[in-house]
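First to last, the sequence lines map onto chains Z and W. The first sequence begins at 13 in this note's numbering and counts up one residue at a time. The second sequence begins at 711 in this note's numbering and counts up one residue at a time.
In case anyone wonders, no lab produced these hints; they're calculated from the structure. Just so you know, not all the hints are guaranteed correct.
[Stated by the list, open to error] In silico DMTMM-like cross-links for lysine to aspartate or glutamate, where the CA-CA straight-line distance does not exceed 25 Å:
| no. | chain 1 | residue 1 | chain 2 | residue 2 |
| --- | --- | --- | --- | --- |
| 1 | W | Lys890 | W | Asp833 |
| 2 | Z | Lys226 | Z | Glu177 |
| 3 | W | Lys890 | Z | Glu24 |
| 4 | Z | Lys226 | Z | Glu15 |
| 5 | Z | Lys226 | Z | Asp67 |
| 6 | W | Lys890 | W | Asp841 |
| 7 | W | Lys890 | Z | Asp67 |
| 8 | W | Lys890 | Z | Asp211 |
| 9 | Z | Lys226 | Z | Asp211 |
| 10 | Z | Lys226 | Z | Asp112 |
| 11 | Z | Lys226 | Z | Glu24 |
| 12 | Z | Lys226 | Z | Glu31 |
| 13 | Z | Lys226 | Z | Asp18 |
| 14 | W | Lys890 | Z | Glu177 |
| 15 | W | Lys890 | Z | Asp154 |
| 16 | W | Lys890 | Z | Asp112 |
Values in this document were obtained by computation on a predicted structure and should not be read as measured data.
Here's the letter readout for the chains.
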Amino acid sequence: MLELRDITAGYERRRPVVEGASLILRPGESLGLLGPSGCGKSTLARVAALLHRPDRGTVTVDGRTATGFRHRAPRSLRTAVGVVFQQPRLAADPRMRLRDLVAEPLRATGRRAEAAAAVAGLAERVGLGADLLDRRPHEVSDGQLQRACLARALVLRPRWLVCDEMTAMLDASTTAALVGVVEEYRADTGAGLLAVGHDPVLLRRWCDRTAHWKEITGPP
Amino acid sequence: MADPLTAPAWRPARGRRGRRPGRRASGLRLWVCAAVLAAAVLAVLLVPPLVRLDQQAVDLSARLLPPSPAHPFGTDDLGRDLLLRCVHGLRVSLLTGVVAALAATVVGTAVGAAAAALGGWTDRLAMRVVDGFASVPPLLLGVFAVALFRPGVWPVVVSVALTHWLSTARIVRAEVLSLKSRPFVDAAVSGGASRWRVTVRHLVPGVLPQAGLAAVLMVPHAVWHESALSFLGLGLPAHQASLGGLVQAGRGSLLAGAWWPTLFPGLFLIVPTLAVAGLAAAWRERLDPRRRSELIP
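Assemble the whole structure, with the sequences as input and the hints as a guide.
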């Protein structure tokens, strides 16, 4: 279970961006969260990935309630939720080759030995050629970079995946390919998915159920 | 009044210095600066070991000789050759300047990066320490540091480093704070990276160009600081030629009509430091072309 209960979060204490949002994902379930631009979807996605400390409310991942966020969250809890961001340009360290970008979580968690094999496998899965892996972010297209970012999110085999407008910057064929990769991964591992977006057609096709922003916020 | 329909709405503006003015001027400046600096560095590296002349050889029969083929820069009030002493002085000043600038940059980068990466109370405390250091006049702090030790190169290096790390710390902190809010740091945190790893692997490499530029820009500052201390008699011991010390020693002969003991050490101080500043300005333009350098017109 990935459970967000009564989350109030924002960047200034007086002006919360998200107020009283709650949602529950059952294991293996995929939920599409729809909402207009600027409503706080991305903030909620960051809270769900334990990257932003909410002002109020709790996040529970597989029965463990997060007591801290970002670095204060235990590493095992942080890495249980993989996250893909909207803009691959900003989500990739510009100094790293794609190969290192994908391998970085393995290195950060002390599993350096597995890196080469894992990167090769995932690169094939997301459709990145060997020549692309040796390039830096500014030498590849948005779509190729997002493929690498998705591979990075999957490399630790998270039990939950948060896709924050993962396909907003991409064309239709890349969108289809990346959604296919996510679904293949979920079929393999039974991971749950929180897909955030504002494209109802895509999210209804992709997810088991969709919820509108208005349904999950406000008075319970 | 001109008819707006027939009057030309605009005409192409012409550059103040002809076509594509900036590029050629800055290219020429870059080469001149590089050539001057290369000449200074070569002189400093090659002359002392190769030229077997004693810069401290006193010849009282040759006191205060004006520039001549035998002594291109003239001699000082003890008959020592000024060209040789200037080269030796530049050697000491450049060495002190470069080492001190590096030390100040390392300290500044470490403090700035640590403050920004850790945030919260660490950040506040570190920046108040920086404010505290900045509130003391740098020369006074330098005098204090030098007064604690015997005269020599290292107290001067410590004094310069102690007074010059502040701006680097502020630059690095600001830059790290801006990097810290980028999504790629979020991605690293989500991938299980520790605070240390995020700082060392993602944040510090991102500020190294700025820190390197700050280090180069600091070399002239450090050279001048060393010269100021030597001029005040607080820097290097009197027998060791340093540019500030030479200017100070030449000051006494100025009233006797001897201009060369002050002019040449002064030029040796000004020209190489301007060359370093010019190179740094070119680097900055390349790093951030939108902000033209105000350093060199």
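Against the structure, the hints come out as follows:
1. W:Lys890 with W:Asp833: OK: Lys890 of chain W and Asp833 of chain W at ~14 Å, within 25 Å.
2. Z:Lys226 with Z:Glu177: Roughly 18 Å separates the two Cα atoms, so the pair holds.
3. W:Lys890 with Z:Glu24: Answer holds: Lys890 of chain W to Glu24 of chain Z is near 18 Å, not above 25 Å.
4. Z:Lys226 with Z:Glu15: holds, 18 Å
5. Z:Lys226 with Z:Asp67: holds, 20 Å
6. W:Lys890 with W:Asp841: Judged against 25 Å, a Cα distance of about 23 Å means the pair holds.
7. W:Lys890 with Z:Asp67: Holds, at roughly 20 Å.
8. W:Lys890 with Z:Asp211: violated, 30 Å
9. Z:Lys226 with Z:Asp211: holds, 16 Å
10. Z:Lys226 with Z:Asp112: violated, 40 Å
11. Z:Lys226 with Z:Glu24: With a Cα-Cα distance of about 22 Å, the restraint between Lys226 of chain Z and Glu24 of chain Z holds, given a limit of 25 Å.
12. Z:Lys226 with Z:Glu31: holds, 11 Å
13. Z:Lys226 with Z:Asp18: holds, 14 Å
14. W:Lys890 with Z:Glu177: holds, 21 Å
15. W:Lys890 with Z:Asp154: holds, 22 Å
16. W:Lys890 with Z:Asp112: Since the Cα atoms of Lys890 of chain W and Asp112 of chain Z sit roughly 20 Å apart, the hinted pair holds (cutoff 25 Å).
Figure legend: structure checked against the earlier numbered hints; hints not met, in rising order: 8, 10.
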